[in-house]
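> Spelled out from the first residue to the last, the chains are:
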Amino acid sequence: MPIYRYIIRRLLFIIPLLLGITVVSFVIANAVPADPINANLPQNALNDEELVAAFRAKWGLDKSPFEQYLVYMGNLLQGDMGVSIKTNNPVVEDIRQFLPATMELATYSIVVGLIMGIGFGVISAIWRNSIIDYFVRFFALIGVSFPVFLLALIALTVFHGELGWAAGPGRLSILTRDPPGITGWFTIDALLTGQFETFQDAFSHLILPSIVLGSYVSGIIARITRSSLLEQLGSDYIRTARSKGLYETSIIFKHGLSNALIPVVTMIGLLYGNLLAGAVLTESIFNWPGIGRYAFRASTSQDFPAIMGVSMLIAFIYVMVNFLVDLLYFFLDPRIRAS
Amino acid sequence: MQQHRIKFSLLLTMILLLVLSSISIAQEERVLVIGHAEITESYDVAHAFNPTSGIVHRAAYDTLVSFPDTDASSIEPSLASSWTVSDDGLVYTFTLRDDVTFSNGDPLTADDVVFSFTRLSNVLSNPSFLADPIASIEAVDDLTVAITLTATRPSFLAEMVNSAFSIMNDSEVIAAGGTMAEDAAETDAARDFFDQNSAGTGPYILESWTPQEETVLVRNENYWGEDVPYFDRIIIVNISESATQKVALESGEIDIATDLAPDQVSTMQDNSDLAIYTTLDRWTHFLLMNRDPEIGGPVADPLVARAIRLALDYEGYTQLWEGSITPGSNMWVGIQGALSPAQIMVRDLDTARALLEEAGYPDGFEIELSYPDLTWNGVNLSTNAQKIQADLAEIGIVVSLRPGEVQVSLEEYRTGQQGFAYWFWGPDILDPVDFLSFLPGGKVAEERTNWFTDDVDPDILALIEQAGTETDPQIRQVVFEELQLWAQENGAYAPFNVPTIQTAVRSDIEGYIWHPSWTLDVTLLSRAE
Numbered sequence: 400m401p402i403y404r405y406i407i408r409r410l411l412f413i414i415p416l417l418l419g420i421t422v423v424s425f426v427i428a429n430a431v432p433a434d435p436i437n438a439n440l441p442q443n444a445l446n447d448e449e450l451v452a453a454f455r456a457k458w459g460l461d462k463s464p465f466e467q468y469l470v471y472m473g474n475l476l477q478g479d480m481g482v483s484i485k486t487n488n489p490v491v492e493d494i495r496q497f498l499p500a501t502m503e504l505a506t507y508s509i510v511v512g513l514i515m516g517i518g519f520g521v522i523s524a525i526w527r528n529s530i531i532d533y534f535v536r537f538f539a540l541i542g543v544s545f546p547v548f549l550l551a552l553i554a555l556t557v558f559h560g561e562l563g564w565a566a567g568p569g570r571l572s573i574l575t576r577d578p579p580g581i582t583g584w585f586t587i588d589a590l591l592t593g594q595f596e597t598f599q600d601a602f603s604h605l606i607l608p609s610i611v612l613g614s615y616v617s618g619i620i621a622r623i624t625r626s627s628l629l630e631q632l633g634s635d636y637i638r639t640a641r642s643k644g645l646y647e648t649s650i651i652f653k654h655g656l657s658n659a660l661i662p663v664v665t666m667i668g669l670l671y672g673n674l675l676a677g678a679v680l681t682e683s684i685f686n687w688p689g690i691g692r693y694a695f696r697a698s699t700s701q702d703f704p705a706i707m708g709v710s711m712l713i714a715f716i717y718v719m720v721n722f723l724v725d726l727l728y729f730f731l732d733p734r735i736r737a738s
Numbered sequence: 036m037q038q039h040r041i042k043f044s045l046l047l048t049m050i051l052l053l054v055l056s057s058i059s060i061a062q063e064e065r066v067l068v069i070g071h072a073e074i075t076e077s078y079d080v081a082h083a084f085n086p087t088s089g090i091v092h093r094a095a096y097d098t099l100v101s102f103p104d105t106d107a108s109s110i111e112p113s114l115a116s117s118w119t120v121s122d123d124g125l126v127y128t129f130t131l132r133d134d135v136t137f138s139n140g141d142p143l144t145a146d147d148v149v150f151s152f153t154r155l156s157n158v159l160s161n162p163s164f165l166a167d168p169i170a171s172i173e174a175v176d177d178l179t180v181a182i183t184l185t186a187t188r189p190s191f192l193a194e195m196v197n198s199a200f201s202i203m204n205d206s207e208v209i210a211a212g213g214t215m216a217e218d219a220a221e222t223d224a225a226r227d228f229f230d231q232n233s234a235g236t237g238p239y240i241l242e243s244w245t246p247q248e249e250t251v252l253v254r255n256e257n258y259w260g261e262d263v264p265y266f267d268r269i270i271i272v273n274i275s276e277s278a279t280q281k282v283a284l285e286s287g288e289i290d291i292a293t294d295l296a297p298d299q300v301s302t303m304q305d306n307s308d309l310a311i312y313t314t315l316d317r318w319t320h321f322l323l324m325n326r327d328p329e330i331g332g333p334v335a336d337p338l339v340a341r342a343i344r345l346a347l348d349y350e351g352y353t354q355l356w357e358g359s360i361t362p363g364s365n366m367w368v369g370i371q372g373a374l375s376p377a378q379i380m381v382r383d384l385d386t387a388r389a390l391l392e393e394a395g396y397p398d399g400f401e402i403e404l405s406y407p408d409l410t411w412n413g414v415n416l417s418t419n420a421q422k423i424q425a426d427l428a429e430i431g432i433v434v435s436l437r438p439g440e441v442q443v444s445l446e447e448y449r450t451g452q453q454g455f456a457y458w459f460w461g462p463d464i465l466d467p468v469d470f471l472s473f474l475p476g477g478k479v480a481e482e483r484t485n486w487f488t489d490d491v492d493p494d495i496l497a498l499i500e501q502a503g504t505e506t507d508p509q510i511r512q513v514v515f516e517e518l519q520l521w522a523q524e525n526g527a528y529a530p531f532n533v534p535t536i537q538t539a540v541r542s543d544i545e546g547y548i549w550h551p552s553w554t555l556d557v558t559l560l561s562r563a564e
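Listed in order, the protein sequences are those of chains A and B.
If you count the first sequence from 1, you need to add 399 to reach my numbering.
If you count the second sequence from 1, you need to add 35 to reach my numbering.
Hints in this document: simulated from the structure, not taken from any laboratory.
Mixed in with the good hints there might be a few duds.
[Stated by the list, open to error] Some, not all, of what chain A presents toward chain B, calculated at C-beta under 10 Å:
{"no.": "1", "residue": "Val431"}
{"no.": "2", "residue": "Ala444"}
{"no.": "3", "residue": "Leu550"}
{"no.": "4", "residue": "Leu552"}
{"no.": "5", "residue": "Leu555"}
{"no.": "6", "residue": "His559"}
{"no.": "7", "residue": "Gly569"}
{"no.": "8", "residue": "Ser572"}
{"no.": "9", "residue": "Ile684"}
{"no.": "10", "residue": "Arg692"}
[To be verified] Some chain A residues well away from chain B (every beta-carbon gap over 10 Å; in silico):
{"no.": "11", "residue": "Leu440"}
{"no.": "12", "residue": "Ile494"}
{"no.": "13", "residue": "Gly644"}
Even glycine gets a Cβ: it sits at the ideal position worked out from N, Cα and C.
Extracted from the complex, chain A is given alone in its bound form (with noise of 0.2 Å):
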């Protein structure tokens, strides 16, 4: 199939794909038996009449759920995702504070997580069932299987409070000002206005809470590098090569890793999802001003549209992200160019 087809094909995916979460999203966020007036309201204005119809009627809760979702959907095909009951502000705009905070951290988390991973990977492989090898599949585990958010507590308390090696919570020190908001991202838009002291900030911030979501992400590269590198090395064509005389340095590098790595690229796309959507806690715990903090919120107060466009953000994020895996995927292995 030509690649343009594919494309079209997969992006037409994406319509009915996000139709389907806002049908979803909308009957769970109605289907919670908790109406958004206590969530709101001080409980002494809920006697006031005139108050409350006056608040159903501004956030269209005295219409039917049905209602709702028409207004809504109507409203969203205008690209209008409505206005944050908490907030006050258009979701959109709260989604364009938020979201690049968000993003800025994961894409630094990703990228550690894989430098750590994929180098813990390919020593654990290479030295495979040596005392090496054990240690990196502990720590692999390590990283798996503890709490993001104990670990962010801990890195926290250790190397900032304790050690003073790291900088705290926050994307920058509390005295430092933004940068002018071009991109969102702090390292970039400091770089891109020439404020050099504030990029160094920005990016001190950023290390402590990369790395401990780093280390979630690299617990689970090493593991996929290990066991794709070691099948990679035992395959025929790796014994051809070392009959041929290659250098071991080629054979691991050149043709065993750049094959061995086509899984991890499949695992980027669910990993850098998993980290826009699921970093709640670590964001809570490094004072991240990020989407995962504005999703929480929003869901305790039982604020729909900020819920529905959070809610769909992220969808598009990790389908969009994956549709990139797959056609990076369309590249990398030449077998699926052929199929």
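Fit chain B to the supplied structure of chain A, relying on the hints for placement.
What follows is chain B alone, placed relative to chain A:
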């Protein structure tokens, strides 16, 4: 060439001096950093009604009357220098101070008061209900305001301390798109502006707010008061996680941590860089026993309710939560008129068992205890629920615990669906009338406990009626005491603990006081030099 060199050297020296002077100014800037779990959706006084906005409004605005800095024991003048109340208790006439200016230099007038209160009422937002008792408001002259109430309301002055009654500069609000018109709910457009700015008479000005990140206050250079605000800049950083607040405080990044748990504070006691403040919190923890037999089952019986009150190990809860105390009733212990420590309930298992027998449950019964699954200001509700379970087991009541997701549990509670429940209550008004919610005809009683006035002694109903309207302080004291003692015998609740709240600050911060109304008054703070 020589001349160029001299010019260049002079220019360089001037630049250097400018840089150095700016550095020294920056170093001299007095900055206070507060770590705080932000809970607000606005800083417009007509829209905000939550803890964080209370702190900011206390700094940027003033109300007509206020409480003392340390407690809520009396009503004191603030922007109003004096006031009178008509004989029928319906008309409050306030005389404004004549030396007050807003942060932009405009003088305070009666029109600002009329505008602020009318806008509060008409925008129909979260705190608008506070203006419901006001029938009309009129500027008698430039410095006199008359407020007429819909009914006698002894708690009115205490209610006016709420920051929702802060006075805004009407011309600034109008310039920002605000209005006090009847259709203000649809036409007022000033909220966005006042989320980022203030137009008050307080010692500080709201400079900026990045939601969920930080709020910045700066000194009001036109402040009319005698004491010049100490800090140039106050930054309230949103740190939602208490463990992160602790780390930031210990490392010196923040000066005050407002949301620490008791176990976190206990690890800081020996740190000489920190000072710990422990005060009674404003929350009363209590059991609710629904009076509808179909919902409450056995606990709907007043005899069983009394037995449960007598079975609780009150002293045990005070030991469990260090520094906490036992309340005598559902009236918060910090309110003038709450029962004294000598009048609290005392555990009496024999009487409790006898009451159960009299109610027809000699062998006890089984029941579910509903409560929200959360930790509130450091108190884990599950811990208390387990102790309640153990306490009641001693009189044969077998309690099974039913923790619920907070919003779901809250919905059940507020709609009166919970039979036997554990909740906590903080007074909306720091006045004894707040307690009326827990008596027949009151909000909690009727809506959440199905406890109506039908079978209540008419004398008690008359007393409740009197409590809501009586203005004489001494008579109020007697009436409320009688009602609280009656509730100990006949009530549908078992208030059992008022925990403490802990705050830790850097030891060079002076003037810290926790207040039951606005929690933190940053205008009192300074740094030891």
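> Does each hint hold? Answer for all of them.
Evaluation of the provided hints:
1. Below 10 Å, beta-carbon pairs count as interface contacts, and Val431(A) has one with chain B at about 7 Å; its hint therefore holds.
2. Restraint check, Ala444(A) versus chain B: the minimum CB separation of about 4 Å is within 10 Å; hint holds.
3. The closest approach between the C-beta of Leu550(A) and any C-beta of chain B is roughly 13 Å, which is over the 10 Å cut-off, so the hint fails.
4. The beta carbon of Leu552(A) comes within 6 Å of a beta carbon in chain B, closer than 10 Å, and the hint placing it at the interface holds.
5. A distance limit of 10 Å between C-beta atoms decides the matter here; for Leu555(A) the minimum to chain B is near 5 Å, and the interface restraint holds.
6. A cut of 10 Å between beta carbons decides the hint on His559(A): the least distance to chain B is about 6 Å, and the hint holds.
7. About 7 Å separates the beta-carbon of Gly569(A) from the nearest beta-carbon of chain B, less than 10 Å, and the hint is met.
8. The beta carbon of Ser572(A) comes within 8 Å of a beta carbon in chain B, closer than 10 Å, and the hint placing it at the interface holds.
9. Restraint check, Ile684(A) versus chain B: the minimum CB separation of about 5 Å is within 10 Å; hint holds.
10. Look at Arg692(A): its Cβ gets to within about 7 Å of chain B, closer than 10 Å, so that hint holds up.
11. Distance check on Leu440(A): its Cβ comes as close as 6 Å (rounded) to a Cβ of chain B, failing to clear the 10 Å threshold; non-interface status is violated.
12. For Ile494(A), the non-interface assignment is confirmed: its Cβ lies about 13 Å from the closest Cβ of chain B, beyond the 10 Å cut-off.
13. Distance check for Gly644(A) against chain B: the nearest CB is about 57 Å away, which clears 10 Å, and the non-interface claim stands.
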